[in-house]
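Visitor: These are the residues of each chain, in order.
2 protein chains.
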Amino acid sequence: MSHSPFDRQTAVHSIEVLRPEFERELKTLVDIPTVSAQVDHKPDIARGVEAAAALIRKAGGAAEVLRPRNPDGNPIVLGRLGTDPEAPTVTVYNHMDVQPADREQDGWTSEPFEMTIDGDRYRGRGTTDDKGPALSALFGARYARQHGVRTNVAFLWEFEEEIGSPSFEAALEDHRDRLSTSSIVVSDTIWISRGRPAVPAGLRGLQGFLLRLRTGQRDEHSGVTGGAARNPIAELMGVVCECFDPYTGQVRIPGFYDEVIAPTDEEFAGFKASGFTVEQFMKDHQFSSLRSTDPLEVMSRIWARPTFEVHGVVGGYSGAGLKTIVPPYAEVKVSCRLVPSMTGSRTAQRVREFIQARHPDIEVITDHTLEPYAGQTSGPLADAISSAIEFGFGARPVFVREGGSIGAVLSMQKILGKPISFLGLSLPEHGYHAPNEFFDWGQAQGGILAFADYFRRLGG
Amino acid sequence: MSHSPFDRQTAVHSIEVLRPEFERELKTLVDIPTVSAQVDHKPDIARGVEAAAALIRKAGGAAEVLRPRNPDGNPIVLGRLGTDPEAPTVTVYNHMDVQPADREQDGWTSEPFEMTIDGDRYRGRGTTDDKGPALSALFGARYARQHGVRTNVAFLWEFEEEIGSPSFEAALEDHRDRLSTSSIVVSDTIWISRGRPAVPAGLRGLQGFLLRLRTGQRDEHSGVTGGAARNPIAELMGVVCECFDPYTGQVRIPGFYDEVIAPTDEEFAGFKASGFTVEQFMKDHQFSSLRSTDPLEVMSRIWARPTFEVHGVVGGYSGAGLKTIVPPYAEVKVSCRLVPSMTGSRTAQRVREFIQARHPDIEVITDHTLEPYAGQTSGPLADAISSAIEFGFGARPVFVREGGSIGAVLSMQKILGKPISFLGLSLPEHGYHAPNEFFDWGQAQGGILAFADYFRRLGG
Numbered sequence: 071m072s073h074s075p076f077d078r079q080t081a082v083h084s085i086e087v088l089r090p091e092f093e094r095e096l097k098t099l100v101d102i103p104t105v106s107a108q109v110d111h112k113p114d115i116a117r118g119v120e121a122a123a124a125l126i127r128k129a130g131g132a133a134e135v136l137r138p139r140n141p142d143g144n145p146i147v148l149g150r151l152g153t154d155p156e157a158p159t160v161t162v163y164n165h166m167d168v169q170p171a172d173r174e175q176d177g178w179t180s181e182p183f184e185m186t187i188d189g190d191r192y193r194g195r196g197t198t199d200d201k202g203p204a205l206s207a208l209f210g211a212r213y214a215r216q217h218g219v220r221t222n223v224a225f226l227w228e229f230e231e232e233i234g235s236p237s238f239e240a241a242l243e244d245h246r247d248r249l250s251t252s253s254i255v256v257s258d259t260i261w262i263s264r265g266r267p268a269v270p271a272g273l274r275g276l277q278g279f280l281l282r283l284r285t286g287q288r289d290e291h292s293g294v295t296g297g298a299a300r301n302p303i304a305e306l307m308g309v310v311c312e313c314f315d316p317y318t319g320q321v322r323i324p325g326f327y328d329e330v331i332a333p334t335d336e337e338f339a340g341f342k343a344s345g346f347t348v349e350q351f352m353k354d355h356q357f358s359s360l361r362s363t364d365p366l367e368v369m370s371r372i373w374a375r376p377t378f379e380v381h382g383v384v385g386g387y388s389g390a391g392l393k394t395i396v397p398p399y400a401e402v403k404v405s406c407r408l409v410p411s412m413t414g415s416r417t418a419q420r421v422r423e424f425i426q427a428r429h430p431d432i433e434v435i436t437d438h439t440l441e442p443y444a445g446q447t448s449g450p451l452a453d454a455i456s457s458a459i460e461f462g463f464g465a466r467p468v469f470v471r472e473g474g475s476i477g478a479v480l481s482m483q484k485i486l487g488k489p490i491s492f493l494g495l496s497l498p499e500h501g502y503h504a505p506n507e508f509f510d511w512g513q514a515q516g517g518i519l520a521f522a523d524y525f526r527r528l529g530g
Numbered sequence: 071m072s073h074s075p076f077d078r079q080t081a082v083h084s085i086e087v088l089r090p091e092f093e094r095e096l097k098t099l100v101d102i103p104t105v106s107a108q109v110d111h112k113p114d115i116a117r118g119v120e121a122a123a124a125l126i127r128k129a130g131g132a133a134e135v136l137r138p139r140n141p142d143g144n145p146i147v148l149g150r151l152g153t154d155p156e157a158p159t160v161t162v163y164n165h166m167d168v169q170p171a172d173r174e175q176d177g178w179t180s181e182p183f184e185m186t187i188d189g190d191r192y193r194g195r196g197t198t199d200d201k202g203p204a205l206s207a208l209f210g211a212r213y214a215r216q217h218g219v220r221t222n223v224a225f226l227w228e229f230e231e232e233i234g235s236p237s238f239e240a241a242l243e244d245h246r247d248r249l250s251t252s253s254i255v256v257s258d259t260i261w262i263s264r265g266r267p268a269v270p271a272g273l274r275g276l277q278g279f280l281l282r283l284r285t286g287q288r289d290e291h292s293g294v295t296g297g298a299a300r301n302p303i304a305e306l307m308g309v310v311c312e313c314f315d316p317y318t319g320q321v322r323i324p325g326f327y328d329e330v331i332a333p334t335d336e337e338f339a340g341f342k343a344s345g346f347t348v349e350q351f352m353k354d355h356q357f358s359s360l361r362s363t364d365p366l367e368v369m370s371r372i373w374a375r376p377t378f379e380v381h382g383v384v385g386g387y388s389g390a391g392l393k394t395i396v397p398p399y400a401e402v403k404v405s406c407r408l409v410p411s412m413t414g415s416r417t418a419q420r421v422r423e424f425i426q427a428r429h430p431d432i433e434v435i436t437d438h439t440l441e442p443y444a445g446q447t448s449g450p451l452a453d454a455i456s457s458a459i460e461f462g463f464g465a466r467p468v469f470v471r472e473g474g475s476i477g478a479v480l481s482m483q484k485i486l487g488k489p490i491s492f493l494g495l496s497l498p499e500h501g502y503h504a505p506n507e508f509f510d511w512g513q514a515q516g517g518i519l520a521f522a523d524y525f526r527r528l529g530g
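Just so you know, the protein sequences line up as chains X and S, in that order.
Quick note: the first sequence uses this note's numbering, first residue 71, plus one each step.
Quick note: the second sequence uses this note's numbering, first residue 71, plus one each step.
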């Protein structure tokens with residue numbers, strides 16, 4: 071029986087010994103309420119930055135604080151374990167800011183910013199999103215380097231992910247010379263079910279729109295003018311229904327689906343093996359019904375197909391009861407989720423041309439764009455991820471997709487220009503953004519093992 | 071040459087002499103800010119009630135104050151000139167409450183609650199809506215009775231019309247025994263253009279609806295769930311577009327138009343002769359475009375056809391920019407204007423059945439109902455109104471319609487059960503509900519003459 075540090079039994083035992091230290095360090099991080107969305111937590115962000123940098127130094131690394139271009143933005147912590155110019159460098163992305171939490175209002179059973187340990191569960195805001203995974207990657211890197219792995223590991227820890235990474239891309243540009251890397255691994259994604267590791271092979275993008283129509287200047291009496299007056303809310307409703315079928319979601323704009331690449335058979339096999347169930351999806355999101363109840367259809371709809379979505383309406387009366395006016399103006403907020411290889415600009419052009427050809431006086435304003443991201447399901451990095459996850463968790467991962475976008479991924483792709491892999495450790499039951507968020511030792515331990523093995527494979 | 075008091079030249083001269091008194095009394099009324107919508111004007115309402123009753127007594131009549139059933143409601147002043155049991159009684163309805171007005175905010179060129187005289191114009195809040203017409207009717211009644219007309223004239227002066235007459239119908243019920251009358255005349259309507267007297271031969275009604283759909287419990291991430299999640303705002307948009315064509319206004323619900331009675335040829339002739347122009351309508355209401363530019367079509371749409379109108383949407387995100395959520399819930403506020411001989415209940419049933427047969431999980435809540443009102447365009451009362459208006463203004467009126475509803479008309483029809491005529495004196499340029507509202511001596515003098523002659527004809 072081998073006692074090499076990368077013999078699985080040996081590694082599991084060695085990592086088990088680290089558990090008290092892991093719990094202590096995670097509590098140090100979680101007990102600092104690094105809420106990026108609330109300005110009164112700015113001092114906590116500063117404390118969190120110091121604690122994160124200190125942690126990397128304690129693990130034997132070097133840490134520096136990258137200041138954002140916007141003086142009101144939050145810094146990024148850049149850490150390094152290893153600076154061997156002969157060895158490859160892998161950059162691990164995590165974020166250290168968290169969602170807001172209020173014990174009373176949100177129904178936490180303990181203080182959200184005082185981590186509590188309940189058996190193998192670590193409860194507190196940020197435990198799973200994303201401090202626990204960040205710490206697992208750091209422990210994995212330390213383990214690997216302590217046991218002869220030469221791969222340099224850089225850590226890019228953002229403090230603005232929960233507010234849409236407003237300073238991240240500019241900071242990458244400004245500090246590009248210090249961020250040179252061979253590849254990137256992102257650890258901020260969620261498996262579909264426990265025991266079935268999942269890796270996203272693609273992220274959806276987003277193209278937002280504001281549709282606007284003005285037909286008058288003020289609320290008018292619907293008795294005095296109704297019938298002759300145009301109704302801008304109603305007309306925009308008509309436009310939305312021309313753009314897509316509001317019941318099935320099918321988009322009616324010519325060419326909308328032209329660039330969509332259907333998942334491969336291998337990807338569909340991954341979807342089926344992911345442990346996804348419609349029941350769990352409905353429960354997690356508290357839906358009373360869905361557009362489809364077929365699991366593969368639901369997965370395809372949320373991961374692999376573009377959408378047309380209505381987010382809200384501005385204009386008219388929305389107080390209690392009824393106010394019988396004809397509104398002078400309306401705005402409808404819509405967006406399209408995009409899948410590889412759609413682009414925001416082509417989608418924006420198709421939507422705009424479709425609407426303006428039919429309704430010249432409707433203003434189509436393009437809002438936020440996030441391009442979709444296509445990851446790799448084969449090749450050396452994808453193989454290394456799969457093998458490392460098997461090492462950590464005893465099962466090879468399936469390739470799924472993320473329905474949402476991760477702005478930081480697109481920024482890193484754009485500025486750093488290197489392949490990006492995903493090695494997420496969170497589970498649906500951990501409760502991303504939810505009350506009583508938790509992480510657990512099983513995922514931490516498997517994650518430390520997987521990261522250690524991944525760094526070893528990249529060094530090989 | 072005759073010098074009878076109902077010789078027109080004689081009457082015009084006699085009324086001209088009353089002008090200073092009319093102006094003094096109108097100023098007394100207008101200078102009391104009887105704003106029913108603002109609770110801090112309650113003392114002014116009380117002063118207005120006293121002033122109105124005093125005015126009737128000064129004109130030689132009796133006045134009493136009818137208290138409303140709801141102690142927070144405003145009273146009604148009931149006045150009488152004449153109590154001859156052998157003579158018919160006609161009840162004149164006006165209202166003495168006014169719209170709010172703020173000099174700075176609304177852009178008045180003088181204090182809204184200090185009536186100013188500018189040539190033959192009387193500027194101030196309530197001059198034309200509805201204190202000037204009320205005073206004209208009172209002066210007309212006094213003139214008629216002073217010159218031998220036996221008709222008893224009762225005055226029903228409401229103080230809650232501008233807030234939808236919440237206490238009026240109950241007060242009519244409670245005081246029904248004191249309100250016995252042969253007929254009713256309402257003086258709270260607007261001509262289409264100066265020099266062309268117009269009388270409404272019908273009022274549209276209203277049936278309100280709230281359409282509601284819940285598909286979840288909270289905002290969900292449109293990346294994580296979009297495509298599989300139903301979108302309740304979008305589905306209600308679809309429902310609205312099934313109910314009617316949002317561009318033309320044509321209602322698609324089977325049977326919706328079944329009871330609609332088209333205006334007679336005589337009514338269409340009245341529409342054409344009313345002085346209505348599309349340009350003026352657009353200017354008055356600040357519309358940049360309409361569903362039609364044909365005058366007869368526009369008049370038919372606002373006066374003689376039912377509508378389906380969207381007033382607003384509840385649910386989703388309506389702040390600045392975009393928030394990429396799938397909303398859990400939406401409500402759309404709609405209403406139908408009704409024309410004679412539609413009914414609120416039949417319309418409500420058709421709309422509800424149409425929607426629920428197609429979308430069983432959409433909740434259709436019926437809101438406020440106002441039945442349409444069909445007036446008379448022929449018969450003794452209609453003839454008397456026409457002849458009286460010709461006496462007052464030198465031209466016979468055309469019959470048009472009112473697009474809106476007057477709640478008090480329906481209440482009087484229901485409780486008093488007697489025919490209702492309309493003898494309005496206001497002009498579009500007087501600015502109902504607008505800044506710098508005014509009334510003018512020409513309309514007052516013609517109105518006094520017309521009312522005097524109308525009471526004479528009813529006594530004959």
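Rather than coming from a laboratory, the hints here were simulated on the basis of the structure.
Since the structure is predicted, the reported quantities are computational estimates derived from the model, not experimental observations.
Hints are supplied without guarantee of correctness; some may be wrong.
Since the list gives no way to pick out one identical chain from another, each pair is judged satisfied if it fits inside one copy or across any two copies.
[To be verified] Simulated crosslink set (DSSO-like; lysine-lysine; CA at most 27 Å straight-line):
#1 342 with 353
#2 97 with 353
#3 112 with 488
#4 112 with 393
#5 393 with 353
#6 484 with 353
#7 488 with 97
#8 112 with 97
#9 484 with 393
Visitor: Identify every previously stated hint that the structure contradicts and give their numbers, smallest first.
Guide: 2, 3, 6, 7
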